[in-house]
Amino acid sequence: MTVAPRRRAPKATRRRLPSALDRRFEAVVFDWDGTAVTDRQADAGALRELVEELCALGLDLAVITGTHVGNVDGQLGARPAGPGRLHFLVNRGSEVFRADEQGLHLLYRREATAEENAALDRAAAATVGDLALRGLQAEIVSERLNRRKIDLIPDWVDPPKSEIDELLRAVEARLFDAGIGGLRAAVDLGVDSAREEGVSDPRVTSDAKHVEIGLTDKSDSARWILDHLWRRGIGPGLVLIAGDEFGPLGGLTGSDSFLLVEEGARATALSVGVEPTGVPSEVLALRGGPERFLQVLGDQRDRRRRGDVPEVDRDAAWTIQVQGFERRLERAHEALLTIADGRLGTRGAPLVGDGGTTPDVLFAGVYDGEGPAAELVKSPQWARLSAGGWAGTRRRTLDLHTGLLREDGPVTSLRFSSLARPGTVALRASGDPDRLPRSRRRSVGRRVTAAFRDRRRQNLFERIGAYDPDRDTAETALAAAETAGFDRLLADHREAWGGRWAGADVAIDGDDELQHAIRFALFHLMASVPDDGEAGVAARGLSGDAYRGHVFWDSDVFVLPFLAATHPQAARAMLEYRVRRLPAARAGAARLGRKGARFPWESAIDGNDVTPSAARLPTGELVPIRTGELEEHIVADVAWAAAQYIDWTGDDEFAAGPGRELIGETARYWASRVRYDKEGRAHIYGVIGPDEYHEPVDDNAFTNVIARWNLRRAAELDGSDEREREEWLAVADALVDGYDPVTGVYEQFAGFHRLEPIMIAEVAPRRPIAADVLLGWQRVRGAQVLKQADVLMLHHLLPEDVQSGSLLPNLEFYEPRTAHGSSLSPAVHAALFARARRFDEALVALSIAARMDLDDLTGSTAGGLHLATMGGVWQALAFGFAGVRPAGDRLVVDPRLPPQWHSLELALRFRGEPLRLRIDRRGVAIDSEALTLRRKDGIWEVVSP
Amino acid sequence: MKTVLAALAGSPADAPVLGAARSLGEMLAADVAAIHVEVKGADVRDLGDVPLRRVSGDVVEELAGAGLGEEVVALVLGARRLPADPRPLGATAEAVATRVAKPVLIVPPETQPTSIRRVLVPLEGTLESSHAPRHLFELAGDVAFEVVALHVLGTEAIPAFTDQPQHERPAWEREFLARYCPSGIGDVRLETRVGSAENIVPLVAEECGCDLIAMGWAQELAPGRAPVVRSALLQSGRPVLLVPVGAAARVPAGLGAGTAAG
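Protein chains in written order, with this note's numbering: chain A, 1 to 945; chain B, 946 to 1207.
Hint data in this document are derived by calculation from the structure and do not stem from the laboratory.
Just so you know, even glycine gets a beta-carbon here, dropped at the ideal spot from N, CA and C.
One or more hints might be untrue.
[Stated by the list, open to error] Only some residues are given here: those of chain A computed to face chain B with a beta carbon under 8 Å:
{"no.": "1", "residue": "A546"}
{"no.": "2", "residue": "N608"}
{"no.": "3", "residue": "P612"}
{"no.": "4", "residue": "P618"}
{"no.": "5", "residue": "A761"}
{"no.": "6", "residue": "P765"}
{"no.": "7", "residue": "V773"}
{"no.": "8", "residue": "L774"}
{"no.": "9", "residue": "S822"}
{"no.": "10", "residue": "L857"}
{"no.": "11", "residue": "G859"}
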């Protein structure tokens, strides 16, 4: 085998680099001529080797230039294998190519329309004509993609960059002779001509010799690559932008200043150019030309070769930071800092800690114990390097955009649970070698195997691990992860998160604190549910062991809609959890002498009810817990979740198969559950509604109406037995719902209006408040005091199935009677207040919900995050404020934008097609390749064209 | 060497004081010694196994001074001479207890001697009050005893949410203990009640069969201050170990003003 001799890499230590560059970047965006190479004839071999190695080490590189791709690619000739990517953003903002082992790939091209091209032609001709009128002979020298190039000084043929000062003087002298006030004035002529000829947003630039009139410029390239990097999980704070012409030239802004776009304001910018007129304040002046630039790249390569701990983008809007270590709040902080990949969740404890910390690792769906004692198994720890006392963590930063947890302190580290490879974890750390484990391989664990490969070299430590209930699977996954290596795992993980956010983000312009809290909620929602298999989503997700990992209606009604509307495969996995437990649900119904399927209030591994039978209240009283016996709306909640998934996705296969089973079997249960009175009215006796302060009750409006909906939805299913269909419709029609047409109010359950009329809003010192503790549970049972939305839950979940116009009277009646003693209540009320245009109340309720864990409002965040509340926050934004709801093959958008917000944007996926909705004062706008927006009868609708 | 020092006055209250001192000594694995400040008309006979030191001078000065001895881990005082005395502490006991920056065990005259197997520790849910149990655990070392922590929720502290109480309560309880009784987590049973602490502490001490109440205090017993200490002393009929929060409050490193995440 012949090995080609390696070119000698440029010396990296000629001059020390400034401290701003003393860090690892994740992407370098750079100009070509004058920055990367001295001129087009220069040998770029050393740069090519460097670029290919840097890409192999995970760095993304992007060249932004005005020239065409042949010039740059021909000179560089790099064909990197990745995981880092090489992009060419060429033709002054009009094209993007990617180079890899297979060659060059066009990713984007701005194609001018015939009208635009004609306008450019006219603009160039008019500019030349204008100049000629003043006695200056100029000529159109080329028609480049989307631009026209006018030579101001044809006598100078292909001047090198080193002669730019002389060139500028000559051009300006020529312009002044013609009575044109310099290069700036020549460019202005081009702008005026372009506008006059119909180019709406002309981009006119000059390199001193030419004036170019075009449709795009380098700022378009900069925006494209920054957006692309963002989608790859590389925020602007991790980007280095390099050029050689940031300073003004001939009264014009330097050509590389176009790289300094607003979206990249947090990037580090440096110039290696001479910059005779100085550089903008945000640019680091390094000088030294391409040689210096190569030194910078060489330094980045050395950092990666060494295994430096990667950075996270410390954008306050996208990070959760915990400064220092506060023992009292530590466990709550660890819950907030949980990193998870849908299968595996790891709390954000310090790498070195003591018994006051809880570095628990939970693997979804693996339980120990039976019945109410069933609980998620704690798996072997991977993010606890040493239990040897206190290591003095200084700062922990969770990057919500990428699911990376960085810890700074005596031991500095980066860790992640790979979203691209759920169950695989990686950790890199540097610090005191005494605190770092030695190199070794091992597989540990009882119910869940954790296979680790640890490698320590001096003060650097790297761990790659894989978890699975099956030992062989874990070890195979570890081997694959080892082969990929830390940098590829990191790149894939970043990209997976970037992709998730692109399809799920919600952006509010007008409330930064709320925006931050929303992103925190969405991050944990996304992190808590896998894409495939089955997903029993626990009340606290994978962030803590509270609630034992039991699965409630929280998952079906609160968490699933967000996923159905953004990442349907995860919603499908959640439904699969219910589908696989249909046999247990059927058995549950049969035990009660009923038909169909009765899902349990609390569920774990086998689908049987695991609800504990008693609880102690803060009053010290031991009370029976009857939710497992009586809170039967869970049956219809599961059907509602299946319908949500079908409505958002249009997944016909699911609808005709398991979805039909879920909706049909639950309908069958209700049909056998009702009892008829002498007048032929159907009743559901002895249940608990969402308002768990009252039990048992008859004809709970929520239970009856959602059961009615369940029956009718089942009757719509293709292939239902005709006789059964008729029975379902008859039962649905006969079910009472407590609606009073005179008041417009639904009675929450039979006899509610006869209870002691307590207006908790006036009695309680504050709300939310646990009214059962304040007043005592016996009194609350006999009073018109609600724990959470009950009738109003219908207006939230089933607005089409309640009486038209009944939201306002029911909101006015029930909300003042609601203590909001359930953490689910504020988000639902935020949605309903928004629908009612009661924005101040909506925003207060939304803030409470969004900050439930950030401010530990329950005092139990330490035991895990309130995932359902987080789902409720998304629903408040999507269903409440944006007013988004599927309606057949349309997506209805009926927004309520509070005056405090300038705009609300949501990324969604409807019927398989991604879309982004923007709601502002002007109305609604859509960004989608496949869907369009129309307005019909005053209502916005998203439809397929 | 650790010593529990019993202050004997030569009164009927001496027997419960000495009994309580023996029990506390057993619990803390400490020696028991006694001190008597000689005053006219009162005397203490030799106590057999408990060394007795007789001193003369001002009673308060002498007892407070003796309590400062390096080996003394707790001073045991009779609350008052007579059960019928309406004051929580007699004048001497109050003067000594408010001066000695060490744990002081106050023994009501009606106390029956018994081993200390179960201790009630009222916790306010503040860092200050959490130092009392911590100090107790530190003093006791490996000696086993059962701790019942009590948190009384006033109206202002009623939780906002109860969610699913069958799960919420254990999660909240575990975290409450981790925050305010960290040294005993795992060995401590938490009781909660709603209402006023001064009424509830004696009731729960009785209900839970506690032999001792241990609580932090600011060493102030002026009218209107320390209502829970007062009620424990007057109504519980049990020895009350008062742990000065200033003395015990050695704030561990890293515990400071709240650091918000976000």
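Status of the hints after comparison with the structure:
no., hint, in the structure
1, A546, "4 Å, holds"
2, N608, "16 Å, violated"
3, P612, "4 Å, holds"
4, P618, "5 Å, holds"
5, A761, "14 Å, violated"
6, P765, "6 Å, holds"
7, V773, "5 Å, holds"
8, L774, "5 Å, holds"
9, S822, "6 Å, holds"
10, L857, "6 Å, holds"
11, G859, "5 Å, holds"
Consistency with the previously given hints fails for numbers 2 and 5, ordered from lowest to highest.
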